[in-house]
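Could you slot chain V onto chain U? The hints should help.
Each chain is listed here by its residues.
2 protein chains.
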Amino acid sequence: MDQQFTSEYLKDFIQKVFEAKGMNTYQSSECAEGLITADLRGIDSHGVARLSGYVRLMDAGRLNPNPNIRVVYETPSTATINADSGSGLYAGQVAMKIAIEKAKMAGTGWVAVSNSNHFGIAAHHAMLAIPHDMIGIAMTNASPLVSPPQSSSRMLGTNPICIAVPSRKHAHLVLDMATSTAANGKLEIAQRKGKEIPKGWLVDKNSNESTNANELKAGGALLPLGSDIDHGIHKGFGLASMVDILSAVLSGANYGPWVPPFVSFLPLIENSPGKGIGHFFGAMRVDAFRPIDSYYENIDNWIEKFKSTPANNIKGRVILPGEFEDEFYEKRFKEGIPLHDAVVDDLKKLATELGLTF
Amino acid sequence: MDQQFTSEYLKDFIQKVFEAKGMNTYQSSECAEGLITADLRGIDSHGVARLSGYVRLMDAGRLNPNPNIRVVYETPSTATINADSGSGLYAGQVAMKIAIEKAKMAGTGWVAVSNSNHFGIAAHHAMLAIPHDMIGIAMTNASPLVSPPQSSSRMLGTNPICIAVPSRKHAHLVLDMATSTAANGKLEIAQRKGKEIPKGWLVDKNSNESTNANELKAGGALLPLGSDIDHGIHKGFGLASMVDILSAVLSGANYGPWVPPFVSFLPLIENSPGKGIGHFFGAMRVDAFRPIDSYYENIDNWIEKFKSTPANNIKGRVILPGEFEDEFYEKRFKEGIPLHDAVVDDLKKLATELGLTF
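Each protein sequence line maps, in turn, to chains U and V. Under the working numbering, the first residue of the first sequence carries the number 744, and numbering increases by one thereafter. Under the working numbering, the first residue of the second sequence carries the number 744, and numbering increases by one thereafter.
Bound-form chain U, shown alone:
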């Protein structure tokens, strides 16, 4: 059975854990905010459930709690950051803020990040742009779990893309999507429940279609968006490739099969071509393209038009990017965040280990 916790309580606990591992107050607060935002938005796979994973990476010396994050390259509209093996939860915030500052001066700002670690949900970073009347973009590569079309080799991560678009009268539009057909979190749920998964989510290690979620752990691979040749799998593969290239080839991070694993018990790949994992961020001032009021008039109208279009679903109308996440946020901010017993046990163990209470 699930237990319910307030976001405040959880955020405070996460921050204390990171501080106990040697992070300073500011950075640990930023990291805690990143994890709790995932839980609030309903992305349970990227929230506090991952906390012990980050701690294990610190224990293994792979995640630096006191990174010297620095700009190593820049132009008026770009920068490249070396995250010094720090947390991507923090490096993503630093990078996005630099992108926003660049955009104030140059119209747009673009920041590539190398030598980083898992950055949580992409939306947490991209959405920083919104209060500045900017469109925010965030993407990252990730541990290889996804195979190219007609292959079972794990060559790419679930490489998500987020684009956050500000609105004035309505909820902002926030597309935050893995470039695989199904994100790993969905597979984990099927595994836990012992349920079959739809065809088109994964192949087994011999690149045969499978509806058994356990085939992933047995050496299979997730499939890119599109799932098969008839339905455009080369498009999902192409998108995932471009996320990999922008995040890592532009920044000097590891790419493709060399991206380091999130879990600390898997060894790093030897002779890897770059540093850590990579991210890519963008911020575009809407008034770098047109007067701000006419932009907002049109985007509000876009939202109204799409939202009033009928559809055969629970709401009887088209559902916009980010709409479900917003509803999770409102509900969970008020009512609290439900955590699985397994997650609660894990957090209790962590508390004991670090002399904290949970």
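In short, the hints are calculated from the structure, not lab data. All C-beta atoms, glycine included, are put in the ideal place defined by N, C-alpha and C. Mixed in with the good hints there might be a few duds.
[To be verified] Now the stretches of chain U that chain V is said to cover, found in silico as 3 or more residues with beta-carbon under 8 Å:
no.	stretch
1	964-975
2	994-1005
3	1026-1032
4	1042-1054
[To be verified] Some chain V residues flagged as far from chain U (calculated, every beta-carbon gap over 10 Å):
no.	residue
5	764
6	798
7	805
8	978
9	1070
[As the list claims (entries may be wrong)] Straight line, CA to CA, 25 Å or less: simulated PhoX-like cross-link-like pairs of lysine-lysine:
no.	chain 1	residue 1	chain 2	residue 2
10	V	847	U	840
11	V	912	V	1058
12	V	1092	U	1018
13	V	1050	U	1018
14	U	847	V	840
Chain V only, in chain U's frame:
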């Protein structure tokens, strides 16, 4: 039966047609290059087969052969262009060249275009960045043919995205994809051959799945990449939405269901919120992020790694974005471009009408 023509012969003919309709030499040459590049790259639906469509738009007064294309808004890294109802084939080249000039100074350049028309294939524009050691990006919205998830309302175009990535030792990577599961061209082929199409490409006008390509003309709609809820249709819908917003809400063009139809016999939509159709372009200097040699070392290595990964297909290995199009280009540049008899007849009629020979 198909007939074969050299690209030179076809390009020359296209240019003469555009000149006969009042375009100047430079612009007509740029437009002809755009169409012929599509044919050379194997995208037959976007090449010379569309020539008479452009002519009909000029006859209808919807495509201005002598546009006063102008920058209406700019910052160091951005510009917005009003294409004055001109051809997108030309406006796209102008916009991309401005993006490249901006990138030389600011690191990146981003150009939104309003009041435009169909721009041909996205790759033709994005690839302009490559000789400048830049990553090129091009996208456009298009006449509404695609429905949101669980809806049969035509709200979006096939809204393609192209990302072109320069390599030093290998063929450049060029992802050029519609954000629908299948592009309209594939449906037209199935219609001509009277063949069934796979499930997941379209819905009929009552939003039921259909394998009959004719249902599109009967009021149905194409489906976004992902095809259904289980396979991530909301992702394709989200991507198409973002292409629409960047291309049109940022630029002041028409968006969503108000995008004007390509075919001249369909009426324009009344009280539309913007001007013409919209595009969005980007150019990013790779050396705005890191030293150019280390970039090329890594991208060449990325390509080698992926290209040497086994796959169960005709080549026995992973096929990279743009690889098939490159092969078409080489073959057709040498051997000529095959045209359907129907297309040849159409071009002959056009020649007679304009006092030209074909």
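Quiz item: Far enough from chain U: is every CB of that chain over 10 Å from the CB of residue 805 of chain V?
Solution: Label holds. Min Cβ-Cβ 22 Å, cutoff 10 Å.
Quiz prompt | residue 978 of chain V remote from chain U - nearest C-beta pair above 10 Å | solution = For residue 978 of chain V, whose nearest Cβ neighbour in chain U is about 4 Å away, the distance does not exceed 10 Å, so it is violated.
Quiz item: residue 1070 of chain V clear of chain U by more than 10 Å, beta carbon to beta carbon?
Solution: The assertion about residue 1070 of chain V holds, with a minimum of 15 Å to chain U.
Quiz item: Against chain U, does residue 798 of chain V keep a CB gap of more than 10 Å to every residue?
Solution: For residue 798 of chain V, whose nearest Cβ neighbour in chain U is about 32 Å away, the distance exceeds 10 Å, so it holds.
Quiz item: For the stretch 994-1005 of chain U, does the count of residues with a C-beta closer than 8 Å to a C-beta of chain V reach 3?
Solution: holds (count 5)
Exercise. Measure nothing beyond the straight line between the CA atoms of residue 1092 of chain V and residue 1018 of chain U; if it is 25 Å or shorter, mark the hint as holding.
Key: The hint is violated at about 61 Å.
Self-check item: Hint consistency between residue 912 of chain V and residue 1058 of chain V [alpha-carbon to alpha-carbon, up to 25 Å]
Solution: 20 Å, holds
Quiz item: If you draw a straight line from the CA of residue 1050 of chain V to the CA of residue 1018 of chain U, is it 25 Å or shorter?
Solution: Status holds; Cα separation ~22 Å.
Quiz item: Are the Cα atoms of residue 847 of chain U and residue 840 of chain V separated by 25 Å or less?
Solution: Since the Cα atoms of residue 847 of chain U and residue 840 of chain V sit roughly 23 Å apart, the hinted pair holds (cutoff 25 Å).
Quiz item: For the stretch 1042-1054 of chain U, do three or more residues have a beta carbon lying closer than 8 Å to a beta carbon of chain V?
Solution: holds (count 8)
Quiz item: Within the stretch 964-975 of chain U, is the number of residues with a Cβ closer than 8 Å to a Cβ of chain V three or more?
Solution: holds (count 6)
Quiz item: For the stretch 1026-1032 of chain U, do at least 3 residues have a Cβ located nearer than 8 Å to some Cβ of chain V?
Solution: With 5 residues in contact (Cβ-Cβ under 8 Å with chain V), the coverage given for the stretch 1026-1032 of chain U holds.
Going down the numbered hints, you'll see the structure goes against 8, 12, while the others check out.
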